[in-house]
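S.K.: Single-letter residue listing:
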Amino acid sequence: MNYNWDWGVLFCTVEDAAAGCSQPFFQWIVSGFGWTIAVAAAAWVIAFSLGSLIGVMRTLENPILRGIGTGYVTIFRNIPLLVQMFLWYFVMPELLPKEAGMWVKRGMPMPEYWTAVFCLGTYTASRVGEQVRAGIQSITQGQRYAAMAIGLRPTQVYRYILLPVGYRIIIPPLTSDFLGIFKNSSLALTIGVLELTAQTRQIEEYTFQGFEAFTAATLLYILVTAIVMAVMRVVESRVAIPGMISLGAK
Amino acid sequence: MIKKILIAATAVAAITTTTTLVQAGSGSYVLDRIQERGVVNMGHRESSVPFSYIGDDGKPQGYSIDLCNQFVDEIRKTLKMPNIKVKHVPVTSQTRIALMANGTIDVECGSTTNNLTRQKQVDYLPVTFITGTKLASKKGSGITEIEDLDGKAIALSLGTTNEKAVKRHIKAKGLNVKIISVKDHPQGWLALDTGRVDAYASDHVLLYGLISKSKDPSAYQVTGRFLSYDPYGIMVPRNDSTYRRLGTVMMADMMRSGDMMKTYNKWFSPGPTKINMPASSTLKTAFEIQALPH
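Top to bottom, those sequences are chains A and B. Numbers 1 to 250, taken from the working numbering, label the letters of the first sequence in order. Numbers 1 to 294, taken from the working numbering, label the letters of the second sequence in order.
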């Protein structure tokens with residue numbers, strides 16, 4: 001390997017320009033990390049709420065609602081995320097009426113950020129929806145019948161019986177999707193969000209010291225995913241109800 | 001345990017000695033590696049028209065590729081191995097440094113700007129093309145210079161020298177310009193084409209290339225003064241002056257004999273892509289200056 005390692009490039013300041021530092025690269029990484037968190041967190045809000053709705057819809061009796069849920073999952077889960085990013089950012093504004101399209105392109109504040117959040121959120125919602133559906137369906141039918149027998153309305157059956165149990169069951173796979181949203185947020189760079197991976201690439205282009213920058217980014221991604229895992233483990237043990245997980249199996 | 005360490009140490013020492021012995025041969029680790037493999041691994045770009053791009057026959061071609069083929073001939077002569085083969089390795093702006101550092105490619109033939117920061121990581125052969133940042137916009141948009149962009153939007157390709165230059169000018173002039181970052185040239189062009197931005201900034205030669213390939217070339221213009229100075233060079237691995245000198249000599253000879261200008265005209269004036277960019281006076285001077293005597 002004929003590579004000139006120079007970790008100093010990550011920590012140099014613009015003042016010592018003679019050291020080959022033309023930009024405050026450390027600030028770039030910090031800012032990129034911030035955007036990664038901002039994209040992932042906002043997208044997760046969409047993914048979790050919309051995903052729960054889709055998941056519930058797929059377990060309903062009503063064939064139309066169930067069809068909508070199935071259709072959503074089929075479309076959003078089967079198109080590559082990269083392609084979805086591109087469609088939302090470049091193609092969707094062209095399909096809108098001219099004025100509205102222009103607003104999306106020019107008037108809307110931070111169009112690339114919100115497009116990325118929306119795209120990542122709706123994509124992950126299809127995955128969350130499948131987890132929620134699996135969680136609900138893993139609960140024995142007896143629970144649903146018992147709830148209806150004591151006079152609960154369908155919304156109450158979901159609110160008080162199926163969802164509280166279902167969510168607890170799917171905490172481990174939900175954690176995976178939550179981790180996934182942080183990693184997938186790197187695709188936002190394809191539509192110009194300067195998140196962690198984008199900043200890393202930019203440092204590489206400026207300095208040709210890509211390995212240092214990518215190492216820093218890797219550590220930050222590991223850090224954030226490790227924190228998420230730890231938090232979710234705590235959540236899982238806190239909310240666990242003894243014997244609950246085995247309900248589905250009985 | 002100690003035995004294992006000893007064995008490992010001996011192995012390392014043996015490898016080091018072997019390497020040193022081989023290097024003693026030509027004094028160039030890249031030439032040694034080429035001699036050993038019988039192959040020159042040539043990195044090329046896929047859409048840097050007309051420097052290095054995939055032609056209709058599916059093979060890389062262009063100005064930089066022609067120069068690199070000359071370079072390979074020089075290597076064949078030096079090593080007295082006329083049968084050295086060329087293996088084409090596609091690279092992108094993201095992979096070129098890593099592939100050069102780990103020895104996958106022996107030379108990069110694309111459209112890479114030679115600057116001092118990058119020289120900490122790689123070496124360059126003499127400057128073969130000079131360009132700079134300019135603006136592409138739609139005709140009738142009233143944009144000629146960067147100052148006209150006040151209150152408007154511009155697309156910039158992530159991490160390019162153009163981005164650096166435009167941001168510097170915007171800051172220096174205190175302009176209020178909305179910057180949209182894009183991943184690559186096609187996306188930058190799409191942003192301009194769909195009206196998301198009013199201008200796209202890039203190396204002027206690449207802008208002419210993009211316009212020549214657009215749906216309606218007459219609808220676009222390249223305007224303004226040069227906002228940066230971007231000399232292109234062929235990239236070679238660092239710490240191998242013997243190898244680099246081979247290229248410097250070859251190019252000085254070409255510049256002196258006029259072959260360089262012939263190769264340039266073949267691709268640029270008007271060139272197979274109708275880019276029609278006769279050599280600028282700066283480039284002619286650069287060729288003269290770099291035509292060092294023996």
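None of these hints come from the bench; they were simulated from the model. Please read all numbers here as calculations on a predicted model, not as lab measurements. Some hints here could point you the wrong way.
Keeping only pairs whose Cα atoms sit at most 27 Å apart, straight-line, the calculated DSSO-like set for lysine-lysine is [said to hold, decoys possible]:
#1 A:98 to B:139
#2 B:87 to B:77
#3 B:284 to B:266
#4 B:138 to B:77
#5 A:98 to B:178
#6 A:183 to B:183
#7 A:98 to B:85
#8 B:262 to B:59
#9 B:87 to B:138
#10 B:178 to B:152
#11 B:262 to B:215
#12 B:213 to B:164
#13 B:173 to A:98
#14 B:167 to B:59
#15 A:98 to B:164
#16 B:120 to B:138
#17 B:164 to B:178
#18 B:262 to B:77
#19 B:120 to B:152
#20 B:139 to B:120
#21 B:85 to B:138
#22 A:98 to B:213
#23 B:120 to B:215
#24 A:98 to B:152
S.K.: Take the hints in turn and mark each one as holding or not.
M.R.: For each hint, the structure was consulted:
no.: 1; hint: A:98 to B:139; verdict: holds (20 Å)
no.: 2; hint: B:87 to B:77; verdict: holds (18 Å)
no.: 3; hint: B:284 to B:266; verdict: holds (15 Å)
no.: 4; hint: B:138 to B:77; verdict: violated (50 Å)
no.: 5; hint: A:98 to B:178; verdict: holds (21 Å)
no.: 6; hint: A:183 to B:183; verdict: holds (18 Å)
no.: 7; hint: A:98 to B:85; verdict: violated (55 Å)
no.: 8; hint: B:262 to B:59; verdict: holds (22 Å)
no.: 9; hint: B:87 to B:138; verdict: violated (41 Å)
no.: 10; hint: B:178 to B:152; verdict: holds (6 Å)
no.: 11; hint: B:262 to B:215; verdict: violated (31 Å)
no.: 12; hint: B:213 to B:164; verdict: holds (26 Å)
no.: 13; hint: B:173 to A:98; verdict: violated (33 Å)
no.: 14; hint: B:167 to B:59; verdict: violated (37 Å)
no.: 15; hint: A:98 to B:164; verdict: violated (33 Å)
no.: 16; hint: B:120 to B:138; verdict: violated (39 Å)
no.: 17; hint: B:164 to B:178; verdict: holds (15 Å)
no.: 18; hint: B:262 to B:77; verdict: holds (22 Å)
no.: 19; hint: B:120 to B:152; verdict: violated (37 Å)
no.: 20; hint: B:139 to B:120; verdict: violated (41 Å)
no.: 21; hint: B:85 to B:138; verdict: violated (46 Å)
no.: 22; hint: A:98 to B:213; verdict: holds (26 Å)
no.: 23; hint: B:120 to B:215; verdict: violated (41 Å)
no.: 24; hint: A:98 to B:152; verdict: holds (19 Å)
The structure does not agree with the numbered hints 4, 7, 9, 11, 13, 14, 15, 16, 19, 20, 21, 23 stated previously, though it agrees with the rest.
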